[in-house]
Amino acid sequence: MSVAAQEASAAWNEKAYAVASRPGVETTFVVASDNRISDRQAVKHLLVMFAGGAGAIGPPAPGVREPGEKFSLRGFMAQRLGVVVSVGLPSDQPEGLSLEWRETAEHVKDAGAVVNVLVKQYPEARITLLGFSNGARSASHIGAALRGQWGAKLQGVVLLSASIEAFRDDWITALDAGKDRPKVPLLVVQHKRDSCLPYREIEDAAKWHDFITVEDVKQPRVNTYRRDCGPGSAHQFAGREEKTYQAVVEWILTGRVVERIE
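Take 1 as the starting number for the sequence shown in our numbering and just add one per residue.
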């Protein structure tokens, strides 16, 4: 059987949910899980994703990737890690999350409520937080805030196409090693030709952590006058999606860092 056929036959399942996260507030989320999972106790990895932009997430989609179909990050990750949850919007922020909101205690409560639902269902799973673009700020903040609550269950934090604000000193310090607590590993993945959140702005901060540089000569060089954050851009790792996210999977599973993707 070809790799493509294996991917298609090993379909994943996606369902949308909502959880009461604060008084009078519900937070939506979508769970993607590998259909080969028959024992919840066997799930060792729970990937929690925070979207960029205003934080809205796509609805559940059919869990088979057809040839030529748009890359499905949830499906890709679910088939390799087991269970993925995309955290959506709380009911009191229907227009989306501002950057300021991503730094609030309310955001932490909402995300924590979602994760706690999944932790009860998959008690053996360890948690990895993954934030893309603006979502990287959420991943850093929430990881730092809930590190004490989650303890050793917090396996790592992944920052993709991040801005320098995701490396706030107090958040990084909270994720670092301390008395009677191990360091929470942090992986940074950035494209050299990102014209939305430029590589040069985070390079000095990222080099102190596990760091993957993505390069693709087919992408335009960095444009300092026009931001390009959309589909097909280096910001979204266009043309290098599968290599990039497979490297993230390897890091979660083994700790191995692929320093450069071309």
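Source of the hints: derived by calculation from the structure; they are not laboratory data. One should not assume that every hint holds.
[As the list claims (entries may be wrong)] Cβ pair distances, simulated, as ranges:
1. P94 / W208: 34 to 42 Å
2. L253 / A54: 12 to 20 Å
3. E201 / D176: 18 to 26 Å
4. G96 / E203: 24 to 32 Å
5. N223 / D169: 28 to 36 Å
6. W208 / N35: 35 to 43 Å
7. N35 / K70: 17 to 25 Å
8. I37 / E242: 17 to 25 Å
9. G24 / A56: 19 to 27 Å
10. G255 / Q41: 20 to 28 Å
11. E259 / A16: 33 to 41 Å
12. G239 / Q41: 33 to 41 Å
No experiment lies behind these values; they were computed from the predicted model shown. Glycine included, each C-beta is placed from N, C-alpha and C at the ideal position.
Hint-by-hint comparison with the structure:
1. As the Cβ distance of P94 to W208 is approximately 38 Å, the hint placing it in 34 to 42 Å holds.
2. Distance hint for L253 and A54: a CB-CB separation of about 31 Å, inconsistent with the stated range 12 to 20 Å.
3. Distance hint check: the CB atoms of E201 and D176 are about 22 Å apart, consistent with the given range 18 to 26 Å.
4. For G96 paired with E203, a C-beta distance near 29 Å keeps the hint of 24 to 32 Å intact.
5. At about 30 Å, the CB distance of N223 to D169 agrees with the hint of 28 to 36 Å.
6. Taking the beta carbon of each, W208 and N35 are about 39 Å apart, inside 35 to 43 Å as hinted.
7. The given range of 17 to 25 Å is respected by N35 and K70, whose C-beta atoms sit roughly 20 Å from each other.
8. About 22 Å separates the C-beta atoms of I37 and E242, a value consistent with the hinted range of 17 to 25 Å.
9. Taking the beta carbon of each, G24 and A56 are about 21 Å apart, inside 19 to 27 Å as hinted.
10. Separated by about 23 Å at the C-beta atoms, G255 and Q41 satisfy the suggested range of 20 to 28 Å.
11. At about 37 Å, the CB distance of E259 to A16 agrees with the hint of 33 to 41 Å.
12. For G239 and Q41, the hinted distance range of 33 to 41 Å is satisfied, since their beta carbons lie about 39 Å from each other.
Comparing the model with each earlier hint shows a violation of hint 2 alone; every other hint is respected.
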